[in-house]
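Q: Chains as they are written, first to last, in my numbering: chain H, 1 to 126; chain A, 1 to 235; chain U, 1 to 265.
Treat the hints loosely; a few may be bogus.
[To be verified] DMTMM-like cross-link-like pairs, simulated, lysine to aspartate or glutamate; straight-line CA separation at most 20 Å:
1. A/LYS164 - H/ASP4
2. H/LYS6 - A/GLU226
3. A/LYS17 - U/GLU14
4. H/LYS84 - H/GLU55
5. A/LYS126 - U/GLU14
6. A/LYS164 - H/GLU2
7. H/LYS68 - H/GLU55
8. H/LYS6 - A/ASP213
9. U/LYS173 - U/GLU112
10. A/LYS122 - A/GLU100
11. A/LYS130 - A/GLU108
12. A/LYS164 - A/ASP189
13. A/LYS201 - A/GLU176
14. H/LYS6 - A/GLU108
15. U/LYS13 - A/GLU96
16. H/LYS68 - A/GLU176
17. H/LYS6 - A/GLU222
18. A/LYS172 - H/GLU2
19. U/LYS5 - A/GLU176
20. U/LYS5 - A/GLU100
21. U/LYS13 - A/GLU100
[What the hints assert, rightly or not] Here are the in silico distance ranges between beta carbons for each label pair:
22. H/ASN88 - A/GLN9: 37 to 43 Å
23. A/GLN9 - H/ALA27: 54 to 60 Å
24. A/TRP89 - H/ALA27: 50 to 56 Å
25. A/GLN29 - U/GLY235: 52 to 58 Å
26. A/GLN208 - U/GLY16: 46 to 52 Å
[As the list claims (entries may be wrong)] Chain H is faced by these chain A residues, among others (derived, beta-carbon under 10 Å):
27. GLY30
28. LEU167
29. GLU176
Keep in mind the hints are simulated off the structure, nothing from the lab.
Ideal Cβ positions, reconstructed from N, Cα and C, are used throughout, including at glycine.
Chain by chain, the residues run as shown.
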Amino acid sequence: MEFDDKVPIYYQIEQYIDRQIIVGDLAPGDQIPAVRQLALTLTVNVNTIQRALAELIRQGILVSQRGKGNFVTTDTAVLAAMKKRVINAELAETYEHLMGLGMTPAEMLAALEAYIQERKDRDAHD
Amino acid sequence: MTEALMIKQLNYRRNQKQLLTDVNLTLPQGQIVGLLGANGAGKTTLMRLIAGSAVNFRGSIQVGDAGDAVARKAQVSFSGMIDGFNPNWRVGQVAETLAELLADFRGEDFYQLCDLLGLDQKQRIKRLSKGNQRKLRLAVTLSRRAQLYLLDEPFDGIDVMTRKAMLNSILKWAPELATLVISDHHVTDIEQLLDQVVVIKARTIAAQAQADDIRAQGQSVEQYFESFFGGDLDD
Amino acid sequence: MTSFKQVWWVMAKERGRQLTQLLGIDLAVVVVLIVMRLIGRLSAIDLVGFTTLMALITAVAGFVAMAQSQEQVWVTNRWRLIPVANWRLYLASTLANTLAIVLLWVVLGVLEIGIATLEGFGVDGSVWRDLANGTLPFLAIVLAFTLLLWSLISLAHMLSLVITDFLPGTQGKWLRRGLTFIIVLVALKLVDWLFTGMAWLIEKLGISPAAFTYFGGSVMAFQGSVVADMWLAVGMVSLGAVVLSVINCYLLAHWVETKQLQQMA
Chain H
1 MEFDDKVPIY
11 YQIEQYIDRQ
21 IIVGDLAPGD
31 QIPAVRQLAL
41 TLTVNVNTIQ
51 RALAELIRQG
61 ILVSQRGKGN
71 FVTTDTAVLA
81 AMKKRVINAE
91 LAETYEHLMG
101 LGMTPAEMLA
111 ALEAYIQERK
121 DRDAHD
Chain A
1 MTEALMIKQL
11 NYRRNQKQLL
21 TDVNLTLPQG
31 QIVGLLGANG
41 AGKTTLMRLI
51 AGSAVNFRGS
61 IQVGDAGDAV
71 ARKAQVSFSG
81 MIDGFNPNWR
91 VGQVAETLAE
101 LLADFRGEDF
111 YQLCDLLGLD
121 QKQRIKRLSK
131 GNQRKLRLAV
141 TLSRRAQLYL
151 LDEPFDGIDV
161 MTRKAMLNSI
171 LKWAPELATL
181 VISDHHVTDI
191 EQLLDQVVVI
201 KARTIAAQAQ
211 ADDIRAQGQS
221 VEQYFESFFG
231 GDLDD
Chain U
1 MTSFKQVWWV
11 MAKERGRQLT
21 QLLGIDLAVV
31 VVLIVMRLIG
41 RLSAIDLVGF
51 TTLMALITAV
61 AGFVAMAQSQ
71 EQVWVTNRWR
81 LIPVANWRLY
91 LASTLANTLA
101 IVLLWVVLGV
111 LEIGIATLEG
121 FGVDGSVWRD
131 LANGTLPFLA
141 IVLAFTLLLW
151 SLISLAHMLS
161 LVITDFLPGT
171 QGKWLRRGLT
181 FIIVLVALKL
191 VDWLFTGMAW
201 LIEKLGISPA
211 AFTYFGGSVM
221 AFQGSVVADM
231 WLAVGMVSLG
241 AVVLSVINCY
251 LLAHWVETKQ
261 LQQMA
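If we strip away everything but chain H, and leave its shape as in the complex, we get:
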């Protein structure tokens, strides 16, 4: 996997797992691959994986079961909060960027609605 070389890798791995959960590749209660396997799949070292998992466990997104491995939590509230956090992070970035272009919140909303409509039309044509 390609990583941004200016952002801590453990953080990027947390994001990666968060996204997998949001998108549904990892369902609540699913077991996540073993640390070694993840290290191989993502081509990062084991310590980095462990740090990422430790953080996710601390946040309650993952649950560790002794002797069995790490599982996605079944607590939907926690997952919903995480999804919201991730989405908000995307929105925050867009918000900051558009602010930087001098747009007001009302202009932003209008621009977004217009864009969504454009995309809908474009997709309908393809």
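Chain H is fixed; fit chains A and U onto it per the hints.
A: The following block gives chains A and U in isolation, referenced to the frame of chain H:
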């Protein structure tokens, strides 16, 4: 828990030239460490001293509990080990001999690694391409069960696909508590894998830092490394 | 840790293989000689003479091959990174060389005696008694001398390396040239002593040069005092080899480094 590597006040000279000055370095167990420095900065020299290829130094080098040279050699696997094999020998013969001479050499690991890297047991060393020679070097190094692995420029002249295979081998085979020191002057080759970086400059350790701490400051490890050279990689 | 036995055994096998190859060449030539003899192109004395010559050549080639293999051990990672004490490494190499070369001599000797006997240069019963008296110390001297030469070669090599590592390029070159010069002088002097010693021996026993080409019974009946002197010589030469070896072990442990390939930084 003993440190994987403890170097204290290491000084080394050859040909009336000081090659390493007051080197102090401590590395914990279970980490992958990048040894970064310009060409000729002393990365290989440092590895040779740790491994025991170079002997006439002042200061102390300790690997785990092992302080003297012989005990250290049993704890260290250096990629230079393959130097000295008759080029007419075949890949398989190398494994056979090493299994006879080294208590910690795992023949089965070697064969698996060769498969993973695409090395043919029957090929003669002298007929191996440069890339395949590097793969053989890696396979030999990782087939030993050691506390400290020293990989000297393992990706030098390697194409992308081979590098991927080699990175995977490293990740798959390095024992959990072992420490790996990988030197490279192309930082990007190994950035992703590193827990720590150690920078060699002006014949000593210029810096030692956790890779993710560097990134948390918004810098890539490559940028961090280049900052020691003011944009110019001459020492 | 690697045990002495493991190191020695691997070395012995490799060197044995090398000498077997040399032996193969020798046997091939001898076979040709025998064929030539059988078809009448070669006289009996020429067959024995040429066989002896080939044996000597093979023995010298074996000496050189063993010396080369030994010198490789000091400067390659392959051997020096093995977790074994330097003196054990040295001893293992010396023992491997010794075993291999002695086996070579035995095979060459048997071949020699076999051909000489078949050609009627008779070996009667008294030879076996004489063997214990005379040939044994003689062989011991040759072996001790071989060991001395091997350790001298190692010493020269190691000193040369130490000088190269210690001094910058040009200064080192002249010192090494001087060292080579001295070592060659010493080696020539030693060889001179060996031949002087052998000439003295031959004179003492009243053996004519012609008698040396075959194994007659009385030829080997050495006097008691001569044998004692020979064993003394063995002792002195061996001591020399031991002293040089101790120096070599010291150099190996504290000064001699392995070769570095050019492409590495």
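Q: State for each hint whether it applies.
A: Evaluation of the provided hints:
1. Of the supplied pair hints, the one linking A/LYS164 and H/ASP4 holds, its CA atoms being roughly 18 Å apart against a limit of 20 Å.
2. Pair hint H/LYS6 plus A/GLU226 holds up; C-alpha atoms about 14 Å apart against a cutoff of 20 Å.
3. Of the supplied pair hints, the one linking A/LYS17 and U/GLU14 is violated, its CA atoms being roughly 38 Å apart against a limit of 20 Å.
4. Straight-line distance between C-alpha atoms of H/LYS84 and H/GLU55 comes to about 18 Å, which keeps the hinted pair within the 20 Å bound.
5. Between A/LYS126 and U/GLU14 the alpha-carbon distance is near 19 Å, which keeps this suggested pair within the 20 Å criterion.
6. A distance of roughly 12 Å separates the Cα atoms of A/LYS164 and H/GLU2; the hinted pair therefore holds under the 20 Å criterion.
7. Using a Cα cut-off of 20 Å, the hinted pair H/LYS68 and H/GLU55 holds, with the two alpha carbons roughly 19 Å apart.
8. At roughly 10 Å between alpha-carbon atoms, H/LYS6 and A/ASP213 fall within 20 Å of each other, so this suggested pair holds.
9. The hinted pair formed by U/LYS173 and U/GLU112 fails the criterion: a straight-line CA distance of about 45 Å is larger than 20 Å.
10. For a cut-off of 20 Å, the pair hint linking A/LYS122 to A/GLU100 stands: about 19 Å separates their Cα positions.
11. Between the alpha carbons of A/LYS130 and A/GLU108 the distance comes to roughly 24 Å, so the proposed pair goes past 20 Å and is violated.
12. For a cut-off of 20 Å, the pair hint linking A/LYS164 to A/ASP189 stands: about 10 Å separates their Cα positions.
13. A C-alpha spacing of about 30 Å is found between A/LYS201 and A/GLU176, which places the hinted pair above 20 Å, so the restraint is violated.
14. For the proposed pair H/LYS6 and A/GLU108, the alpha carbon gap of about 39 Å is over 20 Å, so the pair is violated.
15. Restraint check for U/LYS13 and A/GLU96: the C-alpha separation of about 13 Å stays at or below 20 Å, so the hint holds.
16. Between the alpha carbons of H/LYS68 and A/GLU176 the distance comes to roughly 19 Å, so the proposed pair stays at or under 20 Å and holds.
17. Of the supplied pair hints, the one linking H/LYS6 and A/GLU222 holds, its CA atoms being roughly 9 Å apart against a limit of 20 Å.
18. For the suggested pair A/LYS172 and H/GLU2, the alpha carbons sit about 19 Å apart, so the restraint of at most 20 Å is met.
19. For the hint linking U/LYS5 to A/GLU176, the alpha-carbon distance of about 32 Å lies beyond 20 Å, and the restraint is violated.
20. Restraint check for U/LYS5 and A/GLU100: satisfied, since their Cα atoms lie roughly 10 Å apart, inside the 20 Å limit.
21. About 12 Å separates the Cα atoms of U/LYS13 and A/GLU100, which keeps this hinted pair within 20 Å; it holds.
22. Take H/ASN88 and A/GLN9: their Cβ atoms lie about 53 Å apart, and the range 37 to 43 Å is violated.
23. A C-beta distance of roughly 56 Å is found between A/GLN9 and H/ALA27, which places it inside the suggested range of 54 to 60 Å.
24. Hint check: A/TRP89 to H/ALA27, Cβ distance near 53 Å, so the stated range 50 to 56 Å holds.
25. Our hint of 52 to 58 Å for A/GLN29 and U/GLY235 holds, since their Cβ atoms are close to 54 Å apart.
26. Roughly 50 Å separates the CB atoms of A/GLN208 and U/GLY16, a value that falls within the hinted 46 to 52 Å.
27. Because the smallest distance between the Cβ of A/GLY30 and any Cβ of chain H comes to about 7 Å, under 10 Å, the interface hint for this residue holds.
28. Annotation: A/LEU167 was flagged as interfacial toward chain H, and the flag holds, the nearest CB pair being 6 Å apart, inside 10 Å.
29. Proximity of A/GLU176 to chain H holds as hinted, the smallest CB-CB distance being about 7 Å (cut-off 10 Å).
Checked against the numbered hints above, the structure breaks hints 3, 9, 11, 13, 14, 19 and 22 and satisfies the rest.
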